[in-house]
Structures are given as structure tokens and as C-alpha cells.
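Just so you know, the protein sequences line up as chains E and D, in that order.
Residue numbering for the first sequence follows my numbering, beginning at 1 and increasing consecutively.
Residue numbering for the second sequence follows my numbering, beginning at 1 and increasing consecutively.
Everything labelled a hint here was simulated from the structure, so no lab data went into it.
Any given hint could turn out to be false.
[To be verified] When the alpha-carbon atoms are kept at most 27 Å apart in a straight line, the in silico DSSO-like pairs for lysine-lysine are as follows:
no. : chain 1 : residue 1 : chain 2 : residue 2
1   : D       : K79       : D       : K229
2   : D       : K170      : D       : K33
3   : E       : K76       : D       : K33
4   : D       : K170      : D       : K229
5   : D       : K241      : D       : K229
6   : D       : K194      : E       : K86
7   : D       : K27       : D       : K229
8   : D       : K27       : E       : K76
9   : D       : K170      : E       : K76
10  : E       : K76       : E       : K86
11  : D       : K229      : D       : K33
12  : D       : K170      : D       : K79
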Amino acid sequence: MSDSDTRAENERDWPLFEVFIRARTGLHHRHCGSLHAADPEMALARARDVYTRRGEGTSIWVVASDRIYASDPADKDMLFEPAMSKIYRHPSFYDLPDDVENM
Amino acid sequence: MYTQGLNQSVEDGGPEDTELLARFQAKIDREEKIEPNDWMPEAYRQTLIRQISQHAHSEVVGMLPEGNWLTRAPSLRRKAILLAKVQDEGGHGLYLYAAAETLGISRAEMVDRLLEGRARYSSIFNYPTITWADIGAVGWLVDGAAIMNQIPLCRCSYGPYARAMIRICKEESFHQRQGYEAISRLAQGTAAQKRMAQDALDRWWWPSLMMFGPSDAESSHTSRSMRWKIKRFTNDELRQKFVDATVPQARLIGLEPPDPELRRDEESGQWRFGEIDWNEFNEVLSGNGPCNRERIAARRRAHAEGAWVREAALAYARKRRGRRVVAAAAE
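Okay, chain D solo, but in the shape it has when bound (with noise of 0.2 Å):
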């Protein structure tokens, strides 16, 4: 689903060697894949660290506000698309999760990191899915964000980023539409259904533009990044991209955006939007946003309880492997 942080990379360490930079970013201004084992500079490494493994948090923690429909959908269809889901969500974090070993941290470790608090993951997911109709806007607003963010990593320097992000993009497309479908149903439903349509857009509004980050103004590793093809578009290119594909859609289904600084541009054809409240992002991002200690919490609980399954596992694993030997010896 969605990474955040796009900016935040590493400072440079030590001296690195100048000839492996320059044939390093050679490489990259060919368009030329980055491999596991091909030398890379120290930043480089731990600036996709850090973003693979958030982007990996966040399709984690980003199955607790889905789940919590899971049981109460309004329909056979709809849970069965919901479960599907928050399913290729999991398997998402999977990918991430693998192409961030391959920079050399282990799985453990990246865990670790988010249960202790040292790791993010978007701040989208600290908000609450209160109403069925709110699953409907986290579908069509924040995966939609989130695909906007995602089709430029297809084409990031970094391999198995880039290649997970390919298989990520494609599994995705169903997730946007359905959230829309749902959303739509209810915006042409009774008057309650429309209104708890529009209070769920009121609400989700605002956190999916902030999906994007800070303005390029604050942003201070965006050149790097986009140096080394990590990056390719800025946060407000994203941002006015995503905002100009999803005004239209929401009048087509008579729901409208909060926002009364709305308005088109006629020249550029472009949607000029309000300002995004800097300081609730800040906020959400240091921890005190509506769930961020319910979706740790979460987080904690299920590593806990699911300890005893991974060491029997193990345990189940060498009884077997003895038991091949045995077998094996006694032939």
C-alpha cells in the first residue's frame, strides 16, 4: 500500500572512493539496474533500508484498519473482496520485506524496529476506519495515493525494490477500484448512506494528500534521491497528480471534497487546493495521531502470541530432518 519518507535518507558516512561513486552513478544515468552485490555507496544503502522496510511496515500495519471490517462487511461480496484484500496487503509487506534483506538486515531486525518505536510506517494508517463507508474511501483515497507513489518505484535504481514494486502495482489495480465501487454504492444509496459517503471522503481527505510528504520546500533529500533514481517525481508533483484525478471522481459520484479553496485552474488544467495542516502530519508522525498506539499494540500482541508457532516450526523442522537421517542410514 503506501511508503512515506521518500525524503529521509542517511548522511553521507566516511570518504568513499570517488572512482566507484562516479562509475556508480554512471551506471544509474545509464538507466542500469543496482544489484545485491554490486558495490553501492553507504547512504545509497541506507536510505533504501530505511524506505523498503517502512514501505514494508506500512502494508503491515496498513491491514489492522481494513481488518477491523473484515467480520461486519455488508455483504458475502464485499467480504470476500475485502479478505482478498488485506491478503495481497500481507503478501505485499512479504515482497518489501525480502527486497530489503537483500540489502544486507535481517527480518528480525527490521520487526524489531517497528515494535520498539524506531521505525515508521505511513501515518494514514493511524487514523480510524469508524464506519463501513470509511473502507470504501481507504480503498479508492489512500490506495489511490498510494499507486500514485508506487508506478515511479517500478522504475527505481534499486532491483528488487523495483521489481517488487512491478508485481505490487499490478496486484494493486483491483484494490482502488473496489474501494470506489463500494464508496459509490453508498453515494447513490439512502440519504444516511450518502451522508456517512461524505463524512468518510471529510475525513480521509486531507490524511491521503499528507500520504505524499512534506512540501518539496521542506524536503531537503529530495535531490539525492532523485540523483540516484530512487525518486523520480517530488512530493508536490505526486500530490497535485493525485488531487487532479481524484476531484473529478468524486463529483462524478456527487460527493465533495472538504476543502473550499478548491478550484481549477483553467489554464493549466490543474486543481489548486487548499493548505494541508502541516502541524496534525507532524503530529500523527510523532506518535499522536488517533491509533498509533493501538496499531503498536497490535503489532506487539500478534508477534507475541505467534512466538510459540515459529518455534515449534523449528522444532517440527529438526525432528523430521533426524528423522530423514535415521531413515537415510538405515537403507
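Chain E with its partners taken away, still in its complex shape (with noise of 0.2 Å):
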């Protein structure tokens, strides 16, 4: 039993997952919830229940949410400014002569 397993015991609430749902092969996998359910057999029962009772699904995920690693909000500006004055990373940042069409 892992550490996240006990921790998630010892409360009073059946652990909780997220769900993702793929509406139609092709697309991805889209976060649309979560739930609490006692294991994964029970969180995709449950899932189908609440989150595809109008066809919403074609396929679903569920991940428990403490083995998610997210990024911290605060990290915001550090991981992502960067990127913001890379505008020579997108096509339309280059002048071409106009009888080239298609490029």
C-alpha cells in the first residue's frame, strides 16, 4: 500500500479522482471533474454515471488526484514568460515576398 493510500484511509472520504472524457475517437482525453470513489473499478462506474448521461463519452479516464504533479501558480511568470518574446517561433513573424502563395 502506498503512502497516498493511507493518507487517503485514514480520512473520512473515499479517495478522489479525475475524470477525463474522450467525447469521439479522435479527440483527446478532456478533464471534465472529479469524484470520490473507494478504487478505480468504482471511480469509472461512477464516472460513467455522472459525467455521460447524454452520450458525453466515448471513452473515460480516471487518474487519482494526489498522483497528479501540478505546477504551482505562483511559478507562473518563471515557467511561462519566457515564452511570450519567442514571436519568431510563429510563422506569421516572417516577411515573405508577395508572390509566394502558399507557405
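Starting from the two chains in their separate frames, assemble the complex, guided by the hints.
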């Protein structure tokens, strides 16, 4: 049993899972919400009932919330600001002769 | 379904960093969403915890008056519709509990607060559904009032709440229609059926108007909630919109709201209505409505009787995990 399992079971709620749904093949799975469940199998069954009552999905992923390692909002500038100044990474940065139609 | 207490919020706590506060307000003014890990004033967090959890409780308690008619719906079609609606309400409660949890409160704590009478839910669910026409009236009026309130909440400044509301509004659009259809059918039926429809409107009209909360003059926290963009319209503005939309719907099917003072103001095109009985509203809020005790007793019973299921599911999950570990070790 991992540390996270022990921690979750010491609390009164079932562990939390994040739910990702693929609306149809060809699309990414997309985060749509979260729910509590005793284990991943139950999380999948509940995700079907809670998030796909109107044919919203063809596939579901569930991930224990405490397994997600996320960036800290306080680091936002440090992480993402450097990309803002590199406009040469976009095609519109370049000057081309008008006669070049598609490139 | 719905939300009440949009005006209640906690008092400011201790002094907070004025620079952080200014940055927070600027973000809201730019219509940027606040997300769970962002800095927020403690009063903003507590106001949202209270509002979202009460909204969630309303969805869950709201299943009770409608569940009352599940086994006695007049046709298979009506029964299937009602089942789907009640199931939606349960789902809406879950989306909202999940949104509130992102603010740092546990599900168990929210459930405790409801069962111990420390949290409110919408006063409307303390009225009984005594005839089939009441089910029509609940969908038409109660869900109609809820939708009026919930549409602006889709633009609430708190991201998880706004996202939950978008999903709820999308799903809820059939709730009002099915109710109006059901009560219209009765209004077009025999004299006895029509009487039943009118009687349901008579009993649900005023409590539905009360769902928007106290009048603006009485609601002290409106301005702060509006500044924080938790709330976009005042209680009286939303109530007026609801009356303007609903009166013509009633008359169209030959029913009349139980208000002798109801008249159309030619200049504004709005419907002027009589004084709401705020004593009744306060009585229901303070626990003395027709069904307050019954509703909480039903929730307590369901929670207590479900305890063994929650424990067994955890024990089973533990056992299966143990087996997987053993199997992995054997490989």
C-alpha cells in the first residue's frame, strides 16, 4: 500500500479521482471534473453515471487526484513568461515576397 | 436546482495584504477567472464555500419532493422523465460538492453541516408535493426560478463554480419544459384536472418568488458579492425577470397566479406584483416550514443506512489491492 493510499483511508471521504472523457475518437481525453470512489473500478463506474448521462463520451480515464503533480500558480511568470518574447516561433513573424502565395 | 443565500457571506477576517487584494480585484475586473490555487481573500473563500455547498445541498434535498412521485407517475413516459430529472439533480449535487471541495473543505464536513442543521438548503424544498400537478409546478416554477438564478452564475468569477454551472444549466433546460408540459396537460384536461393544476400554482407561486431571497433593501452583502462577481444581478432584478417570464406562460394555459395585485405596467412592460409574505419565508428558513424536519430526517436516515456500503466498498478495495500486490510479487 502506498503512502497516498494510507493517507486517503485515514480520512472520512473516499479517495478523490479526476475524470477525463473522450467525446469521440479522434479527440483528446479532456478533464471534466472529479469524484470520490473507493477504488479505480468504482471511479470508472461512477464517472459513467455522473458525467456521461447524455452520450458525452466514448472513453473514460480516471486518475487518483493525488497522483497529479502540478505546476504552482506562483511560478507562472517564471515558467511561461520566457515563451512570450519569442515571437519568431510563430509563422506570422516572417516577411515573404507577396508572390509567394502558400508557404 | 437551486441556490439561495446569495446574499449571505462571512464578515471580513483579519487584515489582508492590500497589494494582493488589489491584484485580486484587478483580475476580477478584467473578467479573469479565479482558480483553486490562486490567492483569494478569506471572505471570498468562505462566501463561496457557503454558497456552493448550500447549492449542492439544495440539489440533493431537492430529490426528495420529486422522488415522492416516482412510483406513482401517471404513465411510463412521465415516470421515465421524472427518474431522469431526479438523477440529474443528484448529479448536479455532485458537481457542486466537487467545486466546493476545491476551496479546501471536505465532502464529509459539508455532509455533517447539512445533517447537523448547520447548513441551509433552498427553502422551497420544505414544501410538500401533495398531488401530481405539484410535480409539474415544481419543474415549471421551481426549476424556472433556479435557471434564472443559475444562468448568471455561469459567469461567476470562481472557475470551478462557473464550470459546474455551465454543465448544470445545459442539463437543466429540459427540467422546466417537462414540468410546464405536465401541468399544461392537466390544465387542458377535465375540470377536476384543471382545478388540480390551478391549486398547484396557488401553492407554489409565492414560495417560488421567495427563492430569489430577501429584497435588495434587506440584503446587506449584495454589493460585495457583486464587486467580486459572484453575483451579477440583485435578488429583486432576478425575481422581476422571473415574474415577467412566467405570468404569460400561466395565462397561455388558462391558469392564474394567486395575486390580486398582479398587473402589467404599460410603460416598462413589466408585471407588478403584490407584497411577498416575508414572515412565511423567515419561518421556513428557521426550520418551521411544512417539511423541514421530514427532509433532514430523510437525509440522516439515508446517510446512516448507507454507512455499511461506504465501509464495505473501502474494505473490498483494500482486499483487491492486497491481492494485486501478492500477484505482482509472485511474477
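Structure-based check of all given hints:
no.	hint	result
1	K79/D <-> K229/D	violated (39 Å)
2	K170/D <-> K33/D	holds (20 Å)
3	K76/E <-> K33/D	holds (15 Å)
4	K170/D <-> K229/D	holds (21 Å)
5	K241/D <-> K229/D	holds (19 Å)
6	K194/D <-> K86/E	violated (70 Å)
7	K27/D <-> K229/D	holds (11 Å)
8	K27/D <-> K76/E	holds (15 Å)
9	K170/D <-> K76/E	violated (33 Å)
10	K76/E <-> K86/E	holds (17 Å)
11	K229/D <-> K33/D	holds (10 Å)
12	K170/D <-> K79/D	holds (21 Å)
In this structure, the earlier hints numbered 1, 6 and 9 are contradicted, and the remaining ones agree with it.
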